[in-house]
Amino acid sequence: MLVASQLTFSRAGRRIFRELELSVSAGELVQITGANGSGKTTLLRVLCGLLAPASGTLTWHGMPVRSNGPAFLNALCYVGHTNGIDPDLTVTESLQLAMQLAGLRGPASEPFGIGRALEALELGKLAATPVRKLSQGQRRRVALARLLLARRELWLLDEPIASLDDHAVGLFTAQLDAHLRAGGMAIMATHHLLSRPQGASRVLSLGSTA
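Heads up: the sequence shown begins at 1 in the UniProt record's numbering, then just goes up one per residue.
Hints are not guaranteed to be accurate.
Under the rule of at most 20 angstroms between Cα atoms (straight-line distance), these lysine to aspartate or glutamate pairs were calculated in the EDC-like manner [unchecked claim]:
no.: 1; residue 1: Lys125; residue 2: Glu153
no.: 2; residue 1: Lys133; residue 2: Asp86
no.: 3; residue 1: Lys133; residue 2: Glu93
no.: 4; residue 1: Lys133; residue 2: Asp88
no.: 5; residue 1: Lys125; residue 2: Asp88
no.: 6; residue 1: Lys125; residue 2: Asp165
no.: 7; residue 1: Lys133; residue 2: Asp165
no.: 8; residue 1: Lys125; residue 2: Asp86
no.: 9; residue 1: Lys133; residue 2: Glu122
For each label pair, taking beta carbons as the anchor points, the in silico distance ranges come out as [to be verified]:
no.: 10; residue 1: Ser135; residue 2: Leu101; range: 19 to 27 angstroms
no.: 11; residue 1: Thr33; residue 2: Asp177; range: 29 to 37 angstroms
no.: 12; residue 1: Leu50; residue 2: Ala127; range: 29 to 37 angstroms
no.: 13; residue 1: Ala127; residue 2: Ala182; range: 31 to 39 angstroms
It should be emphasised that the hints constitute simulated quantities derived from the structure, not laboratory data.
Yeah, the Cβ is synthetic: ideal placement off N, Cα and C, and Gly gets one too.
Could you put together the complete structure from these sequences and hints?
Now the structure itself:
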């Protein structure tokens, strides 16, 4: 379980959120909503350790995240609101690079595999296509395919379904459902709630900082 308690974050003298409480456990999805500027992306970055809160605690299976760094990082997969993929690489090369960065080496360390990840998000016919030639929705599917390359317990997702059409949203939701059924957990910031996700689901609404 990931538990955030009394989290407070400020930037340039402006409080983004204060004394926030959040938890997620196996099989559970937490969807974070709120207007632009309410702190959704900031909260995800705090949760994955990219930003430090002004106060509060963050624990992973009962251990403080800062002192349990390797265990937490090895359980985490973060997909930001930007795709973070090199436009000059092909789709397959992008996923190969993602595997290398995640420390996955060879077939023995591929629980899902690049081929199956491409198939799951209907990218197989685009495997040899440079990313720069893809539509925004296709690029987003490439970014989301990285979630499937390793069995990471916790998914942190920033607007994962942005740029996706209804069919692609269904492909992503199917993979999210499988992740939750297998005991995984997910926290996603979104402007568009998934209406029927698998397993337990809660919504956390952040207030405007205006």
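Structure-based check of all given hints:
1. Lys125 <-> Glu153: Roughly 29 angstroms separates the two Cα atoms, so the pair is violated.
2. Lys133 <-> Asp86: OK: Lys133 and Asp86 at ~12 angstroms, within 20 angstroms.
3. Lys133 <-> Glu93: holds (14 angstroms)
4. Lys133 <-> Asp88: holds (9 angstroms)
5. Lys125 <-> Asp88: Status holds; Cα separation ~18 angstroms.
6. Lys125 <-> Asp165: holds (18 angstroms)
7. Lys133 <-> Asp165: With Cα atoms ~18 angstroms apart, Lys133 and Asp165 stay inside 20 angstroms; holds.
8. Lys125 <-> Asp86: Between Lys125 and Asp86 the Cα gap is close to 19 angstroms, so the pair holds against 20 angstroms.
9. Lys133 <-> Glu122: holds (16 angstroms)
10. Ser135 <-> Leu101: 19 to 27 angstroms: Hint holds: Cβ distance 25 angstroms, inside 19 to 27 angstroms.
11. Thr33 <-> Asp177: 29 to 37 angstroms: Once the Cβ atoms are compared, 20 angstroms apart, the range 29 to 37 angstroms for Asp177 and Thr33 is violated.
12. Leu50 <-> Ala127: 29 to 37 angstroms: holds (31 angstroms)
13. Ala127 <-> Ala182: 31 to 39 angstroms: Taking Cβ atoms as reference, Ala127 and Ala182 lie about 26 angstroms apart, which means the hint is violated.
Hint check: violations occur at hints 1, 11 and 13; the rest are consistent with the structure.
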